[in-house]
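Participant: Given next are the chains, with one letter for each unit.
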Amino acid sequence: MKITIDKSLDLPLHPALAWDMLNDIEGVAACLPGAKITERLDETHYKGTVSVKLGPATVTFKGNIEIAGADPVARQLHIIGTGSDAGGTSGASLDLHARVEAAEGGGSRLSGTSEVSVTGKVAAFGARLMNSVSEVLLQKFFANLGARAEALQGAPPAQSAAATMLEEETLDAAAAPVAVSAPPPSAAPAAETKLNVFALVWAVLRDFIANLFRRTKAT
Amino acid sequence: MAKKTAVSFRLNGTAVDVLVESRELLIHTLREKLATTGPHIGCETSHCGACTVDLDGLSVKSCTVLTVQCEDSDVLTIEGFAKGGQLHALQEAFMQEHGLQCGFCTPGMITRAYRLLQEIPDPTEEDIRYWMSGNLCRCTGYQNIVKAVQYAARKLRGEAVETSHPMMAEVTV
Amino acid sequence: MNEISPDLGRLERLEGIGCARKRREDPRFIQGRGTYVDDIHLPGMLFGAMVRSPYAHARIKSIDTTRAKALPGVHAVLTAEDLKPLKLHWMPTLAGDVQAVLADGKVSFQNQEVAFVVAEDRYVAADAAELVEVEYEELPSVVDPFKAMLPDAPVIREDLAGKDVGAHGARRHHNHIFNWQIGDRDRTDRAFDAAAVTVKQDMLYPRVHPCPLETCGAVASYDAVRGDLTVWITSQAPHVVRTVVGLLSTIPESKIRIISPDIGGGFGNKVGVYPGYVTAIVASIVLGRPVKWIESRNENLTTTAFARDYWMTGELAADQDGRIKALRVNVTADHGAFDACADPTKWPAGMFHVCTGSYDIANAHVSVDGVYTNKFPGGVAYRCSFRVTEAVYLIERMIDVLAQKLGLDKAEIRLRNFIAKDKFPYHSALGLDYDSGDYAPALQKVLKAVDYDGLRAEQAAKRADPNAPTLMGIGITTFTEIVGAGPSKNCDILGIGMFDSCEIRVHPDGSAIARMGTISQGQGHQTTYAQIIATEAGIPASVIQVEEGDTSTAPYGLGTYGSRSTPVAGAAVARASHKIREKARKIAAHLLEVSPEDMEFDLDQFRVKGDPARAKSMKEIAWAAYNNVPEGMEMGLEAVDYYDPPNFTFPFGAYLAVVDITKATGEIKVRRFYALDDCGTRINPMIIEGQIHGGLTEGFAVAFGQELPYDEQGNVLGGTLMDYFLPTSMETPHWETDFTVTPSPHHPIGAKGVAESPHVGSIPCFSNAVVDAFAHLGVTHTGMPHNAYRTWQQLRDLNLAG
Amino acid sequence: MIPRPFAYHAPDSIAGVVALLIDYGDQAKLLAGGHSLLPMMKLRFAAPEHLIDLGRVKELRGIDMVGDELRIGAMTTEREVVASPLLAEHLPLLVETARQIADPQVRSKGTIGGDISHGDPGNDHPAVMLALGAHFLLVGPRGERLVPANEFFLGTYATALEPDEVMTQIRITRPAAGSGTCYAKLKRKTGDYATAAAAVVLRMENGVCAAAAIALTNVAPTAIALEADLVGHPLDDAAIAEAGRRATEACDPAADLRGDEEYKRAMAGQMVQRALRTALARCAG
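Chains as they are written, first to last, in the numbering used here: chain L, 2 to 220; chain P, 105 to 277; chain B, 24 to 825; chain Z, 22 to 306.
Careful, some of the hints might be misleading.
What the hints assert, rightly or not - Partial selection, computed: residues in chain B whose CB lies under 10 Å from chain P:
1) A43
2) R44
3) F52
4) V309
5) G311
6) R312
7) Y579
8) N651
9) H716
10) H757
Stated by the list, open to error - Every beta carbon over 10 Å from chain Z, so not counted as near; a handful from chain P, in silico:
11) S112
12) E148
13) G153
14) E230
15) T267
Derived by calculation from the structure, the hints in this document are not laboratory data. The structure presented is a predicted model; accordingly, all values stated were derived computationally and were not measured. Cβ atoms here follow ideal geometry from the backbone N, Cα and C, with glycine treated the same way.
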């Protein structure tokens with residue numbers, strides 16, 4: 002199963018800062034519940050794990066992240082991730098192209114195209130297609146992205162829907178900029194996810210697995 | 105080896121004790137520890153009903169019951185049906201009405217039909233098709249299973265029974 | 024057939040041919056005392072579990088078994104590296120290809136076998152399987168057979184690099200397996216050029232699975248002291264397994280014992296040899312302990328033998344009156360990653376060339392291309408003879424397409440094209456010799472039974488009413504099957520001719536044991552073979568013990584699939600019975616001191632012609648066979664027959680279906696299904712009816728729900744019984760059955776085989792009914808399965824969905 | 022298809038359940054009928070360290086009526102729902118729904134509380150609970166609380182149930198006299214989840230709709246209520262068709278082998294129409 006996600010977002014951040022943020026893979030990974038970089042092999046290669054917890058289910062993927070290309074001049078990043086679940090029954094891969102461009106008013110625009118592919122048990126048992134990744138999830142993702150941008154910038158939010166959502170979340174992010182414990186039980190996504198490659202995989206997989214279990218249970 | 109729990113229950117009227125991991129499924133205990141191989145494993149996802157047993161008066165799929173849940177329970181399997189060399193009416197009925205072919209679904213099918221007839225002694229074809237829908241058969245197309253359940257129902261009610269397949273119907277002399 | 028006696032009591036006691044004899048196998052099944060492979064428990068037995076690939080196509084970079092082996096209770100973890108020294112990492116397939124037993128450097132389909140874990144019990148085995156660490160490098164995969172044939176398609180079979188010629192001739196692409204053609208292309212093309220009317224239709228017969236209720240499995244037990252290997256296995260062809268195991272292991276066949284115990288349904292799924300069997304055997308040999316392997320349902324549905332996956336294009340040429348002049352067919356056959364198709368060696372598309380059907384078609388040409396894709400191997404005959412379901416689907420759909428083009432009634436066009444009764448034996452344009460048939464009366468009987476004209480009138484009224492909530496469709500098929508593979512001049516598997524066998528021993532007390540090379544998976548052989556012996560040798564069926572499935576006791580046979588048991592082994596049974604009878608005649612003559620020619624057979628005795636009071640019963644004769652035989656005669660009363668059939672048999676039938684389609688949702692209800700079958704001589708009408716009910720139900724499942732779709736990444740979807748459609752008693756329609764009898768002229772008792780006709784014949788009948796519901800709107804075809812979703816899309820496209 | 026190891030607990034009281042939840046927190050899962058959780062565990066997607074079996078807690082079972090309110094123990098099985106004379110008389114909608122869930126054996130074990138608490142949009146009771154305006158009694162270390170159905174279902178597998186809480190009871194005020202109800206479910210076969218399903222509770226007065234509650238199954242991340250603005254209007258073909266049209270717009274289905282988004286939207290509309298027509302026919306007056 003493969004899904005292509007195109008998304009762009011205006012950030013209240015100078016393009017250079019946005020670019021730095023995008024490159025700080027280890028730092029942001031620590032913010033994502035269930036995700037961590039377990040090993041930095043070199044400048045461009047990492048090992049990490051992502052646990053996706055959904056209701057009674059948990060799937061843990063471990064894998065490799067490669068910065069396949071980083072062009073600081075054009076501010077373009079190409080990240081490839083591959084991994085498999087702990088039992089060796091599912092595989093996942095990510096191919097992400099992201100770029101930061103200057104936007105009006107000194108801010109920046111982040112655009113990304115990612116292809117996420119899932120194979121094996123997770124894919125085979127989950128027939129709902131991956132493009133069912135809900136708008137809600139993506140909104141959360143970008144909201145948190147914006148939150149981090151603001152934390153870095155310390156600037157007032159720009160005039161966008163996502164940024165409006167950020168206002169309250171920024172407070173959370175400021176209060177606990179790095180360490181995040183268990184997510185709150187309510188639907189509030191505050192600071193739950195931070196920008197990194199895992200976030201996207203996580204977002205996709207969570208939705209994916211949600212559907213998976215709706216179909217594999219026994220009745 | 106994982107920690108094990110002693111579980112005692114009655115299997116076809118006889119007290120049994122087993123030592124199991126808490127994750128052990130009833131179907132495995134029955135088949136591998138208690139030599140009760142009548143109930144079968146067909147899908148493991150509780151769709152097919154081949155593993156059907158009667159647990160405390162309820163039809164259940166024993167692939168989706170933990171053995172540790174059965175402490176002090178009464179479990180009835182196909183092995184408990186014939187008494188003193190005498191077939192149960194359902195067993196006779198499945199044979200007389202040709203309600204089985206490969207036989208793999210049959211123990212679960214008969215065990216389910218037994219509970220159905222306890223609850224509805226005089227079922228219509230519609231009743232039987234609805235209340236037997238948790239048991240898959242790949243061979244018969246169900247039509248003769250429906251007839252078999254009706255045959256058994258009649259017999260259990262003390263009525264006269266007759267096979268739908270008279271021996272010499274197509275033999276000309 | 025025998026002389027007829029007025030003594031119904033004696034006939035009834037014999038329980039011979041024609042009796043609705045109750046089944047001998049039932050007492051054990053209804054009491055839970057069947058012995059299926061998973062019921063086998065041997066002392067010291069270990070349990071194996073397979074580690075499988077999540078990828079459809081990937082290179083294996085490394086396999087680390089350390090953690091798995093360290094788990095307490097684990098005895099071994101086998102990989103291809105462990106099998107290589109034994110040369111067992113690859114095995115031959117039934118189609119002349121090879122298949123990896125455990126992946127050798129790369130995987131080519133999802134869930135391919137990568138490693139085999141052996142542990143104390145199935146719980147530890149499952150835990151250990153998770154601990155085997157495999158590192159993969161994913162490769163591009165291809166699941167569409169047409170894309171697989173593009174120049175830059177991924178190379179699926181690197182092991183075949185440079186091999187331009189395969190088992191069935193030239194390969195023209197790295198993912199090409201074979202091109203097989205039959206018929207006269209030029210004549211057919213000319214007939215098309217000259218024809219008044221031609222039609223053409225693409226149709227896909229989707230990938231499905233036989234899905235018997237019992238999955239595949241084996242218990243292998245190697246006795247290192249004796250050097251004997253015993254394997255209990257879910258096989259429809261145990262003798263073939265023995266030969267394959269012998270070839271693979273170099274153990275002499277005399278030291279290999281393959282036992283097919285009770286089999287929980289086969290339907291073609293249990294013909295092949297699968298990696299799990301081989302690894303269980305190897306593990307038993309390596310560890311010196313019995314090893315059991317039982318696949319899960321998901322493994323069953325995604326690794327062991329799919330059926331169909333035929334992409335067909337049919338063309339018919341006809342005159343204005345609908346008389347067919349020529350048939351042209353092109354097929355792309357998706358065989359998956361290894362060609363493990365179950366077909367006779369000579370015919371890589373099986374008996375697809377029966378696709379001229381019941382119709383007198385003078386010109387025909389068929390071309391089939393086999394293609395590799397990143398899907399699991401198979402191509403088995405799912406309740407049919409090799410590729411016959413596909414063939415019958417094609418012609419029965421095409422004739423409807425032609426009828427619609429010409430505006431002809433779908434029953435009428437069939438009546439116009441049937442092979443006339445007096446043309447049998449009929450030599451078809453594609454080289455088959457139909458043994459017997461009488462098609463028109465069969466169809467007419469069905470039309471009358473259902474009041475066909477009334478149904479068409481009702482349909483016309485519904486079509487005229489725009490507010491009708493349902494569409495009504497009437498489907499007809501008048502199919503001819505080809506079963507009983509087969510004549511060794513045409514049919515072999517791994518070089519062994521497709522004969523079958525029977526051995527009968529009559530004991531001194533007049534009871535008998537009979538053994539065959541076939542194996543029942545629910546067909547009731549124990550019951551019906553005894554009926555043949557009863558009639559043909561005069562021994563009551565009740566005292567005949569029928570045994571099959573144990574290669575150490577049964578004579579060699581090619582097994583049970585393709586409805587071959589009755590046509591082939593059943594003939595061997597009859598002929599062995601005749602040998603018994605002829606010896607009995609001589610003994611009886613000797614006892615009565617008359618010449619054998621003066622004796623006549625009478626049900627269960629021999630009597631003196633013209634003096635019926637002087638007779639010897641078979642029971643008396645059996646006793647004499649062990650103490651008082653004519654001079655020069657061997658003692659005992661035994662016979663063996665290996666029967667190589669002179670031809671196939673050609674059962675046929677006429678089916679009619681009525682469906683109602685709810686416009687708003689696409690739900691389809693089968694209102695009525697009337698099935699008339701002609702299987703020649705009827706051995707046990709009760710069992711025949713049961714087989715037909717079962718076959719129709721499987722056909723219903725295929726037509727309305729079964730499929731194993733893949734996504735672009737090679738994930739196989741729908742691999743559980745949540746999605747894979749096995750109808751319950753609620754969904755299954757009520758079946759009406761009927762019959763005519765047209766015996767096979769070449770079969771010793773005139774029988775043709777029946778179990779597969781209802782599957783083969785019903786599927787196009789359902790499709791024809793569904794398409795017929797839309798026919799007045801110009802629709803000529805809709806793809807299977809006809810589930811509500813797909814049907815609704817058709818309704819939506821026609822602006823009928825509301 | 023073998024679960025990973027876990028510790029098994031079988032308390033016999035609600036207090037005992039809560040105590041275990043406090044001890045083990047999110048390492049524990051509650052086992053009701055087992056037909057959702059055990060298959061996930063057999064596929065090794067779920068691997069709780071502790072399994073708390075509710076099967077021996079007698080106070081979680083039984084069906085009572087207090088005034089106009091039906092109180093159903095969370096561990097009441099679907100089979101008991103189907104067989105209940107009390108429900109047949111006062112809440113036939115629940116019986117009709119349970120009859121369409123899974124198959125007889127699964128209904129022997131499967132419970133109404135488990136069906137609701139799982140948070141699965143494919144389960145049938147959640148939509149019915151929304152249409153009936155049910156309340157759920159949740160018990161945890163902080164005591165009891167009563168949560169209305171329309172505040173309970175937060176997302177796929179996400180409910181208002183805290184990790185240390187257990188659902189003990191379902192409370193439903195019986196529909197007003199003369200109401201007609203229906204649960205219309207489109208499924209591929211027995212035992213399947215709905216392709217789409219609709220629950221309707223309807224009351225008519227003098228040929229005009231006096232009350233209507235509609236909810237949908239398996240066409241959004243959770244069961245969803247549908248506002249169809251039927252009250253005050255006669256329920257003619259046009260009104261029913263309009264309600265169906267609104268359902269197609271209100272839902273947010275995801276494609277699977279049952280159908281694509283378009284089909285599921287259309288079927289949500291069809292099931293609403295089907296349920297409305299049937300409920301209307303069942304209305305008195």
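Participant: Next, verify each hint and record whether it holds.
Facilitator: Each hint tested on the structure:
Interface hint at A43 of chain B: satisfied, since its Cβ lies 4 Å from the closest Cβ of chain P, which is below the 10 Å cut-off. At about 7 Å, the closest approach between the beta carbon of R44 of chain B and any beta carbon in chain P falls short of 10 Å, and the interface hint on this residue holds. Among the interface hints, the one on F52 of chain B holds; its C-beta lies about 3 Å from the nearest C-beta in chain P, closer than the 10 Å criterion. About 24 Å separates the beta-carbon of V309 of chain B from the nearest beta-carbon of chain P, more than 10 Å, and the hint is not met.
The interface hint given for G311 of chain B is violated, since its Cβ lies 22 Å from the closest Cβ of chain P, which is over the 10 Å cut-off. Annotation: R312 of chain B was flagged as interfacial toward chain P, and the flag is violated, the nearest CB pair being 16 Å apart, outside 10 Å. Annotation: interface hint on Y579 of chain B violated; nearest CB of chain P at approximately 24 Å, more than 10 Å. Among the interface hints, the one on N651 of chain B is violated; its C-beta lies about 33 Å from the nearest C-beta in chain P, farther than the 10 Å criterion.
Checking H716 of chain B against chain P: minimum C-beta separation of about 3 Å stays under 10 Å; hint holds. Annotation: H757 of chain B was flagged as interfacial toward chain P, and the flag holds, the nearest CB pair being 7 Å apart, inside 10 Å. S112 of chain P, annotated as away from the interface, keeps every beta carbon of chain Z farther than 10 Å; the closest lies near 14 Å. Some Cβ of chain Z comes within 10 Å of the Cβ of E148 of chain P; the nearest lies about 4 Å off, and the non-interface call is violated.
Residue placement check: G153 of chain P does not keep its beta carbon more than 10 Å from all beta carbons of chain Z (closest about 6 Å). Interface exclusion of E230 of chain P from chain Z stands, the closest Cβ pair being 13 Å apart, more than 10 Å. Every C-beta of chain Z lies more than 10 Å from that of T267 of chain P, the closest at about 27 Å, which supports listing it as non-interface.
Hint violations for this structure: numbers 4, 5, 6, 7, 8, 12 and 13, all remaining hints satisfied.
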